[in-house]
Structure formats: C-alpha cells, structure tokens
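J.: Sequence:
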Amino acid sequence: MNATACEASHPLPSHSPAELLANKYVAAMNSQNPDAVARCFGPDAQVEDEQRLHTGTIQIHAWIAEAFEKYHPRIEVREVTGDDGRINITGLVSGSFDGSPVMLQHQLEHDGWLITHLAIHPAE
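Our numbering numbers the first residue of the sequence shown as 1 and each following residue consecutively.
In case anyone wonders, no lab produced these hints; they're calculated from the structure. Quantities reported herein were computed from a predicted structural model and do not represent experimental measurements. Beta carbons: idealized from backbone N, C-alpha and C, even for Gly. Mixed in with the good hints there might be a few duds.
[As the list claims (entries may be wrong)] Listed next, with one range per pair, are the computed distances between beta-carbon atoms:
id : residue 1 : residue 2 : range
1  : H15       : P122      : 26 to 32 Å
2  : D98       : P17       : 32 to 38 Å
3  : S16       : H72       : 28 to 34 Å
4  : R39       : K70       : 18 to 24 Å
5  : A27       : K70       : 16 to 22 Å
Please model the entire structure based on the sequences and the hints provided.
T.: Okay, structure coming up:
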C-alpha cells in the first residue's frame, strides 16, 4: 500500500475530487468537529494512529472525538500530493500533547469521494 521509490507522488490536480476531499478532511480536523471528520470516511474505512486500528465510522468518530477532547490538534498543511487513489498530506500538527508541534504525514486512500484508509505517522 505504501508508495515505492519508483512511484512518484504529484501535486493534486486543482478542483479534482481528491483535492476537494483533502481540503474537506483538513477543514473537518481543524474545526474540531468529530461529526464532520467521520463524514469524510466510508462506512468500512480504517484509521491507523498511534499503533491502534479503528474500523468503521462509529469507531473513527469515537477515536477523533477523544483526540479532540484530549489534544485539540490542528493541522498546518505544508504539502499535499497524490496519485491514483492516494493522498499524502504533510503538516505541522500542534495541540496539547507532548512534543507539540510535530510534523506528521496523513496518508489517505480514497474511492474518489470518501476516505477508505488513513494512516498517520511522523513525516519522513
């Protein structure tokens, strides 16, 4: 699922469904609204964050609601790239957590309209 050295990521085409989804996801995260974040995901989507897996919109909603309550994270986007079915958002994430701010990569897989898989990890 991860891109290899031979697969290059490119800036997202302007006004493409992928760009709109990336913008919707970042806006939802920065709004601190778990309902808005959950609406970005498909019904069987998965999120990998801090070595935990959350499956389905109910678990995703619970995960992000808890994160918002504890950490108040905000993403300052530094780069958005993508290729077929993938979006990589690199951003400076700040909040009320140890080590804030930290550069994180949000790797999204999508079906064109909704996120099907999200992995969050330190940016390389």
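J.: All the hints need checking, so say for each whether the structure fits it.
T.: Hint check results:
1. H15 / P122: 26 to 32 Å: For P122 against H15, whose Cβ atoms are near 30 Å apart, the range 26 to 32 Å holds.
2. D98 / P17: 32 to 38 Å: At 36 Å between Cβs, range holds.
3. S16 / H72: 28 to 34 Å: holds, 31 Å
4. R39 / K70: 18 to 24 Å: holds, 21 Å
5. A27 / K70: 16 to 22 Å: holds, 21 Å
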